[in-house]
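Starting from the given sequences, assemble the full structure and let the hints guide the process.
Same order as they appear, the protein sequences are chains A and B.
For reference, each letter of the first sequence is one residue, going 1 to 202 in this note's numbering.
For reference, each letter of the second sequence is one residue, going 1 to 164 in this note's numbering.
By construction, these hints were calculated from the structure, which means they are not laboratory data.
In this text, all values refer to a predicted model and were calculated from it rather than measured experimentally.
Heads up, none of these hints are tricks.
One-sided and incomplete, this derived list gives chain A residues near chain B with beta-carbon spacing under 10 angstroms:
#1 M24
#2 C28
#3 S44
#4 R181
Virtual Cβ for every residue (Gly too), placed ideally from N, Cα, C.
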Amino acid sequence: MAFKPSLKRKREEEEADVNLMPMMNIVCSLIALLMGTAQMTEISMLEYLPPAEAAEAEDSGAPPAEAPKWNNDATIDLLVNIGEPGFQVSLFGKTEPGPYFFEVPKLPDGNYDFHTLTVRLTQVKDQEIGSPLGIDSVLNENTKKMDSFEVFRYKDGREISLTALGDTPFQVVVHTMDACRGTTVDSVYKELFPVAKLQTFQ
Amino acid sequence: MAFAPSKGAKHRRKEKEGLILGSMLDMMTVILLFLLKLQSSTGAMMKPSQYVNLPTSTREMAPEKSVSIVVNPEGVYEDIEKNPRQLATKEELIDSSAVILDGLETYLSEQREFTKHLGKDFKGSVTIQCDQAITYDQLLRVVNTCGQAEYGTLDFVVVKKGKA
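Below, the structure written as structure tokens:
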């Protein structure tokens, strides 16, 4: 025998709502707090080792178990001078125009031509320094880890000395260091001279 | 003549009125996660000083907190937000006969001794927030002073820009 359906079944089902307002308040407060403290400009570090420190790092960091297989006491003495007419680039200490001393003049608008400097330094890296002979490593005192780097036929194959007129703004020096550090060719980053040394203008 | 109230209206199911908070909460949660990620990736450890206009660079290197100083055309200061102590005056900074900035050297030496006093390793690194208008001469004076005070690693704070 079938029972008659209960009349109570017609009663409206009450919806159980979660009260979201307190949660909304918390989330809104957190967003306001984080936006207030957020840094919209991304900062970075430009590490600079003074010449004496850089030399110590090179001399002391070689792995003691194995002597280097290369003998690269020769130096290229690459120097970029940030002067009034533009950049002057010298190799092997040369100061007379020729293959080992050239200039990169300023652009017509008076700004330094960082792009051409990078192009010329890429040529120097390819033609004068060539391919790396091997990989060496030094102990990074800060991270306590070994940092590996390429070794070239010139002992200072990764270094560049910078000099500038006394009134040269720091921003120009930083851009010059950027131009000397490396370049991106076909989406591949090519290291040029990442170790910059600031020297007194001669 | 007044009409009698409709019987249908009496039994009509009352529709709930109000905001649909579910989707809004989803959106807020996404924003919250984004901001948390931003906070963790940039690192709250290093905050650019309000007293300098930092240079831009393509260099990508995570900031680290160490002994920190601010160099702007008005002088050299310790890196704190309010009432920073002046370590070198504008006159000292532009003095062409000076090689070392005495006040800065004293400060750096104090910090070095304090680090050693705490029993921590002295790494010899100093973070410099240097204004982009500082000249090469002034920069060399600061660099020489840091070297004199046995700080061998100098980290310049820059604003990151896209690779050239």
